[in-house]
Amino acid sequence: MVRYILGRLGRALITIFLVLSIVFLLMRLLPVDGYFEGRTDLMSDTVKNVILKDLGLLDPWYKQLFDFWRKLLLEGDLGKSIVIRKNVPVARLIWPKAMVSFEFGIIALAIQQLVGLTAGVLMARHKGRLADKLGNLYILLINALPAAVYFLAIQLYLSSVLKLPMLYDPINTSSRILPIICLSLGGIASNAMWMRRYMVDQMNMDYIRLARAKGMTSGQVAFRHVMRNAFIPMAQSLPTAVLFTISGSLYVESLFSIPGLGGLLIQSIQRQDNTMVQAMVLLYSVISISGLLLGDIAMMICDPRIKLTKKGESR
Amino acid sequence: MKIDRQPYRPFFRRFKDYKLDKMQQAFRDAEQADPAEISDDLFEFAGHDIMDAERIGYSNYSYWRSTFQVFFKKKVSVFLLAFLVALLAFTFIQPLLPNQKDPYRVYNDEAGKTLMNVQPNEEFWFGTNNIGQDIWSRIWSGTRTSLFIGLCVAMSNNIIGIVLGSIWGYARKWDKLFTEVYNLFDNIPYTVLRMLLMYIMRPSLKTMIIVMVLTGWIGMSKYIRNLILIYRDREFNLASRCLGTPSRRIIIKNILPQLISVIMLQTALAIPEAIGAEVFLTYIGLGLPVSIPSLGNLINEGRRVMLVASQRYQLLYPVLVVSAITISFYALGNAFADASDPRNHR
Amino acid sequence: MRKILALLLSILMLSSLMTALGEQSAPPEGIAKQQVVKLMYSSEMADWNPLHPSAAGDWANYIDTLVEYDNYGMVQPCLAESWTQSEDGLTWTFKIREGVKWQYYDGTEYGADVVAEDWVTSAKWILDPQNTARTADLLFDVVGAEDYYKAMETTERNGDWDSVGIKATAPYELQFTLTGPSPYFLSRLTYNWGYPTNAQYLADMGETFGTDNTTFLYCGAFLCKQWEPNSYRIDERNPLYWDIADIHIERIERRYNAEASVLEAEALLRGEVTTASIPPAQVDGWLKDPERAQIVRPSRPGTGSNYSYFYLFNFMPTYEEKTVDGYTLNHEQWLKAVNNINFRKSLYYGLDRVKGISTYNQYTPEAYLLRTITPNNFVAADGKDYPDFDALAPFSSVDQFQPDTALEYKAKAIEELTAAGVTFPIVAYMPYQTDTTQVSLAVVVSQQLEELLGKDYVHFVLEGYPSTDFLKITRRSGNYSFMMSWWGPDYADPETYTDPFNLGQAYSYIWRADGMATQTTQDDPAGRMGRSGFDETYWKDFIYADMVAKATAEKIDNSVRYNGIAETEAWLLENAFIVPLGLLEDTGYVSSNLNPFESQYAPFGLSNARYKYQWVYEKQMNTEEYNAALAEWEAERARRIEYAEANNIDY
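If you read the sequences in order, they're chains U, S and B.
Per the numbering used here, the very first residue in the first sequence carries number 1; after that it's consecutive.
Per the numbering used here, the very first residue in the second sequence carries number 316; after that it's consecutive.
Per the numbering used here, the very first residue in the third sequence carries number 662; after that it's consecutive.
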């Protein structure tokens, strides 16, 4: 078991190394004019060269890559932001933002699980009846309408109807309501749909028939048997979901002025802040790999029948 | 930002995951039917007939016929299929119809003044936008563009996914290498890859398709690989191998036909998925050039006038079209996946 | 005009006192009870180092410059109380205001006054390549600056600071020595290298200098009290400010929102912001709504940047010779056509500028129209606005969109070009930037020209490129035949608008037009390179360059100088090399509780970012009020220019 985890960690390190190196080199393919802040026409070539030299962009690519890894591994230095906030260490920029996103994300995640799974169970138990139809309509609508449109509609109309603030304000708790609603809608839909399908499938299984035959009520069956079994695949995906709440949501955070991590990666790429992009990619790969590992371990703990060591290449 | 992962994976990805998992499960179950559960009185002796013995074993069960039977039994599916076919046909026929406007042209009135923001009327069925272009024809032109992207992406994903997935699943010695490549691709956030590639290759129709395929083939090949792993060592394949059938033929003749339903599902859902990705890329400013009508561009333009009641129609119509397409493909994919599940064939 | 070199301090003080008194004694009617400006912004402060970036407008409220502009565009003393210019125009000496304190962001005193040495510190920092200030080249017209920068760039770093012409000759006396007389030197001082920096603080802070609102020193009208990245930024009036009588706004609250352009208008309706620009796509809906129409007005052109937009004919086509929809792009054919003046004139007179501009503002496009390259209210002499000078009057006084004239030139062009073996239609390649309103402009203009002149005469092949590297790929590389481009002024002198068309700039390569210049080699001392990186051939006797050199040789008498430069501009228009279009930066509509005519007016530098002189009003200005105020402002500006000229005051 320990050997298996160590082996996976080892391979994860190689993956992270390759991922980061590839992104690093792709960034070097971007046009250099992006580094002159729109003054390309006016700036003299001398000044341009000085800027590129300062960013280390005049060195050959392998030297740049080597320098980057040397700094990161030997000094633990991810560097300083070059555009988003000049000269500020990237780690200092990313953490506070990640925490803001986490705060919103974790509440939204809890709502998604709670409301989504309950709705799914209810829909399955009333299959074909009104509750089910309404639920299905909701799922369809959420997935058919572009998020960029219905978030904006929620922000503009709900805020005026419910007299809630349009933008997020750290001091005002009620300003968090709308963004959290927006963040939860998609997750509720997909959780409800997943739970409903799972319930409907499981209801035809023999062990459920047996339980019903024993005289358990359908409610008891749903919560004692089906939900318990449903928890196993959930246990696998939950660590990743929790970890990824720090990445925030681009749409919601942009609309509601939430200073989270949502748009940062995109903004960093757009403005060619190389150090920022590298740090963010590192963060995301670490999260995704550790999320998968934690998920597998969690699944193994929940369901003793599952042995990871047998087929190590499962992921 | 949405990193494409569970449970924040976009809806379609999750839905597909679920469907495909279920199919795999069904195949596994089929393998493990326990003979002890079957009671003897279900059987009766069949008389021995020499003529019959000479005849080659035959069952009138046909997978495809059953699939279609189940599929066409549902009126909703038939209706949706008809609707989609009509919609597809219409997007291509529309420019040929009489009295259609040019989606790129700016329309002027007799005095030479541009007809901006004209409300829907007899002349402009869906009104005009803020530089006087006809929204009706732009929507159909945009639908053509977006469907074209969706189809290209789905086809390319299928071809690359099937070829690589088959090799990955079938050739054991390649498995390690492929798995590592998969891990690598899967761990670069899709958004980063898409954005960097868009910047490096510059936004255009071609780039958009390439970028979506580059980030899309990997999932498909993973599924194909898993399914092939299930089938590879089934008895009929072992027998076939013993008889000296080459691997290529085993993959093409014995295994791939079993995967058709997966591929159809993938194709049906890839189109709305591609439209969604296009809307997202447009939102972050990396979509198609604004001058090319596409559903993403039309929606993005519409969002800007959402606040003004008199111009809201500029958002309404593109959103309606996107929703209709998405819902139909989603429901069709769903119905088809159900129909192609052999357990529903009785 | 500027022969009297010593500036009469008393006159200046008097004029500024007059304005100050007028506003101070009785605040204008209708001001809001709370003098608070609330804004929404979508691009976060990336760099807090005031010496660093090129667009340092954000600091204009935190740090003062030597001079600034008042709301009529007249130079006012700021941290320099007065200045003199030497006989030869090369040396400028500034008397620095005494008693201005350096302060921390919270308003406490740092313990030092602003002194002359502080400007030397700034210049020295900017001219050190290690600091990668992006505006170093703006200082290169100071004696020794460029040499110093280049010397510091080498590994020896052996620059000799004593040779650079920026000196503190006394604690409160600052002296600049220039490489040549510069009639527009004062306007140059309003860029960020005109900010003072306390040397001791800079040295103490080292790497952390200017990384957020707490790590640089303030001496301006506002202090940035709170800043939360991607959330908000709050400025408060500086109680110790030397000119606090002119600062009426008490607080500036800025909310960050990545989608500000979409939400701003709605936020204004809910009273959450005091200024919002109405997106072009929404304007229609606002003006049709009787209530909203009362609170919205056109934006004021030329306040932001004075970028002049125009169409260019390219004389160095490099685009791919491909066939699009049956029309084939061909360099040879295009060069024959573009070298024909009648062809150029047919487009020049045939372009419906107003129709083009209406893609930016469909209600008052005329307000943004330019008939000359240099915009109105930019510079003036002899009591006349520059575009009204004799040489330019024929262009500026008559509508340049003349369909009949265009068709006459078309007939002539067809005749001459057919003889020269050109096949019609002439296929022109028109690239545009995809993520801006330029898309609509390109579509509208190309269709308008094709319709007027006939599709059998000219056909445009449109192609969109994204904003990244747009100019490098299109205009600079010569990857176009006819496209829109723009130029913004760097200083208060019409010479700035001659720069883009001269050798060394990658605009339309006019020197390559027939008979305009002689090609030569690098060894020829008279030869100059076309544009490094794009057209590395050498040219001499470029007619336009010679004209500009002759006109700008006059450094003292502005009337002579401006008239000379006006002739060079008229030459460009007469030959239809350039088709002026308009001021397209501040088009569209805004709704604002501020009066745009109270803000500092300067088409260059950073002064216009300041909130000095401004009041917050209870009600937003509507279009009628705006037009009335604009007329009043123009009359007052003319009167003040006249007064300044009569009294030999720099303006």
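It is worth saying that the hints were derived from the structure and are not from the lab.
All of these numbers come straight from a predicted model, not from anything done at the bench.
It is possible that some hints are incorrect.
No more than 30 Å apart at the CA atoms, straight line, and that leaves these computed lysine-lysine pairs for DSS-like [unchecked claim]:
id, chain 1, residue 1, chain 2, residue 2
1, S, K416, B, K699
2, B, K762, U, K86
3, U, K86, B, K699
4, S, K416, B, K949
5, U, K63, B, K1133
6, B, K997, B, K1133
7, U, K80, B, K949
8, U, K53, U, K71
9, U, K48, U, K63
10, B, K762, U, K163
11, B, K756, B, K1216
Structure-based check of each hint:
1. S/K416 / B/K699: violated, 45 Å
2. B/K762 / U/K86: holds, 27 Å
3. U/K86 / B/K699: holds, 26 Å
4. S/K416 / B/K949: holds, 27 Å
5. U/K63 / B/K1133: holds, 28 Å
6. B/K997 / B/K1133: This hinted pair holds, its Cα atoms lying about 25 Å apart.
7. U/K80 / B/K949: Not OK: U/K80 and B/K949 at ~50 Å, beyond 30 Å, violated.
8. U/K53 / U/K71: It holds: about 18 Å lies between the C-alpha atoms, which stays within 30 Å.
9. U/K48 / U/K63: holds, 21 Å
10. B/K762 / U/K163: violated, 46 Å
11. B/K756 / B/K1216: holds, 24 Å
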